[in-house]
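Asks: The numbering used here applies: residue 50 is where the sequence shown begins, and numbers increase by one.
Hints are not guaranteed to be accurate.
Straight-line distance between alpha carbons at most 27 Å, and here's what the computed DSS-like set of lysine-lysine pairs gives [what the hints assert, rightly or not]:
#1 Lys468 - Lys390
#2 Lys265 - Lys174
#3 Lys519 - Lys468
Hints listed in this document are in silico derivations from the structure and should not be mistaken for laboratory results. Since the model is a prediction, treat every value here as computed from it, not as a measurement.
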Amino acid sequence: MRLHIHESSPHRMRMMTRGAYRHCPVNVRIREVSTMSTPEILPPPVHQFNRTQYGHFGEFGNGANIRAFYLQSAIRAADLSEISLLTEIPGAEKWSIRDLFQRDLDSERVQREIKPHFEDSEKVKFFSPLTLTLLPMKNGLVSDRMPRAIESEERFDGQQWTCVSRGSYYRFRHLKGTPQWTYLEWNSSITKLVAIDGQHRLATMRSILEDGANQKVTDFNDWNIPVIIASFRAATADDEAPTVLEVMRQLFSNINTEAKTVSDGRQILLNDIQPNSICTQELIERSHENDLNDANERDESIMPLLGFDWRLNAKDESADATASYNAGGIQSVVEIHEVFKNFVLGDDCDQDQVEYLEALLDVDTELLNEMLEHKHVPLNRAHELRREVKSRLISGVGTVLESFTPYREYFKALREFEKELTSANSSSGTLYQQAFSERRYGRNDALAVSREQIDAATIEIEKRIPDIKKEHIPRLFERAIGSRGIFYAFGELAWGEIFNTESEIASIQECADEYVRLLNAVYDDNWLSLEDGSEGRMYLNHCAVDHENRIINFKFKDIAKGIGNYVLMFVVAYDANRDQRFEDFLNDEGWWSEQISLYHRTILTGFKKEARPIVQNDFPTLSKAEQNHKILEKATQAADNQTRQFVDALITVSHDLNDILPHFEESS
50 MRLHIHESSP HRMRMMTRGA YRHCPVNVRI REVSTMSTPE ILPPPVHQFN
100 RTQYGHFGEF GNGANIRAFY LQSAIRAADL SEISLLTEIP GAEKWSIRDL
150 FQRDLDSERV QREIKPHFED SEKVKFFSPL TLTLLPMKNG LVSDRMPRAI
200 ESEERFDGQQ WTCVSRGSYY RFRHLKGTPQ WTYLEWNSSI TKLVAIDGQH
250 RLATMRSILE DGANQKVTDF NDWNIPVIIA SFRAATADDE APTVLEVMRQ
300 LFSNINTEAK TVSDGRQILL NDIQPNSICT QELIERSHEN DLNDANERDE
350 SIMPLLGFDW RLNAKDESAD ATASYNAGGI QSVVEIHEVF KNFVLGDDCD
400 QDQVEYLEAL LDVDTELLNE MLEHKHVPLN RAHELRREVK SRLISGVGTV
450 LESFTPYREY FKALREFEKE LTSANSSSGT LYQQAFSERR YGRNDALAVS
500 REQIDAATIE IEKRIPDIKK EHIPRLFERA IGSRGIFYAF GELAWGEIFN
550 TESEIASIQE CADEYVRLLN AVYDDNWLSL EDGSEGRMYL NHCAVDHENR
600 IINFKFKDIA KGIGNYVLMF VVAYDANRDQ RFEDFLNDEG WWSEQISLYH
650 RTILTGFKKE ARPIVQNDFP TLSKAEQNHK ILEKATQAAD NQTRQFVDAL
700 ITVSHDLNDI LPHFEESS
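Take these sequences, add in the hints, and give me the full structure.
Replies: In structure tokens, the structure reads:
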């Protein structure tokens, strides 16, 4: 007998006896051929998998009806090219918000910090394993669903193997009872090996490898680089597994939450089990989805993606980072999340929020009870809540941003500015298109475009946008306080109407349409202006700005007593002269009394701060108690006068309020 060995790919091979067959790489096929007869002519073999990695198999227990499993191993430097960075997958920069799971790669940090550390011969080289995963591809994009992971017992070369496979994408197999002897096989033509965690280390090592003969790490080619290749499957045969990217998002989020390495903004974008995070994602996704259309096919009434400060610079991806600087942005990820939490939906999965969602959405009661019990949305049912949020809530919240006059005019000007730069039938037009695309979706290194040219175009865009913003958005609304105020008022009216079974307003969208119509009337009449001499400046004194014209009461906890209450009263007052859709607020004298008293208490605090240095300067010999008495006396008189004038202004807006508004009694 003699052995014929067929090598199916350029991997390692060696001659061996039948007894050693079980140690043979799986891409080597051995057949026995008799020497006594004419050899059988075999057809070319069809090999399902063309890549193999050996290592130790492991598996975690059930969580969220998902069971994660993995291969722990090590690779050589030459194998780094087999691993993809997210920025190298064509089209990845335009993935849906729901599909994102990596942070943006900071190339500067790689060259400035990490690479010098690896190249320093005095520094110890050690780091935790790169966490990788296998993503199935279809038509150049990540597949939404994969074949179910099938576990089976199979015999190869006389040995019993436990296999976990997903069709023709990949297969884990290890000797039964011997997990340390494991093969992971995959088809690289339809499966991408992608870094979930450790992409900056990966980019650094690839940069060192690319240096070739000039690399400063002389023994780099001898490194054994630790890796974990993770995957997942449904815990039971009855469970439907989430999409590939849903699980990848959760794995990345869990890894980096424990490590405290990812900013709050990124955590929100990755969180699929908390209602406020889901709502934040869907609001941004609404703009993301619209902007993916060709420029002439976009719905220009929808807020452009550039209006969100949603992509975080990798260098700012620390746990205490703020949103990245986006010249066009007016809302950050964290800000939107806090708006949903404080003004629209309330705290995640508490009693009030669950009751509100029950009234607002068509959600299964069992799901709501699970949310209330576990304080999160079950991952395998998150798509149900997401679908309802997208259908019944998001467009209404978006309307408040998109249809409010200053924001609407700014977004219109922003789109016109983009058309101006990108419409040129020249290379410069194409270059600006790419620069705008990167401002929206993030960097994509798969494109063969000059990085220097794109960066130069981006700098020009960012220099011009602030002037456009300043032209259309007044001071109160270029700061967070303005949008917080209008969302507070909207949230109060929406909660009141949704829980009112007799209300004519049946949806968030209907409430938003009516609210913005009234809000724009308030804005047009200058009640929200901070310009000297304007009506707004007079009554926003010590409510939103102090006597030195500094913004005050801007924190979320202070909005209800300041600008939020102010906007709410004016919107309801304007409603009196129109359709009176918010009549439960309008005709409630007790409600008006509470709101006006709150306004008075707020500005009284401000007037006391204003009066203190004056009294201390004019009456230095008085005791502290006597000074405090004079401060209170002076501040009360000023607060009474402003409140009285404010009530008169509300009555001027609508004479119907004359019989409804309580007579303001002077505190003094």
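Asks: Does each hint fit the structure? Answer for all of them.
Replies: For each hint, the structure was consulted:
Simply put, Lys468 and Lys390 have alpha-carbon atoms about 36 Å apart, too far for the 27 Å limit, and the pair is violated. Taking the CA atoms of Lys265 and Lys174, the gap is about 14 Å. The hint holds against a cut of 27 Å. Of the pairs offered as hints, the one joining Lys519 and Lys468 holds, with about 19 Å between alpha carbons and a cut-off of 27 Å not exceeded.
The structure fails to meet hint 1 from the earlier list, while all remaining hints are met.
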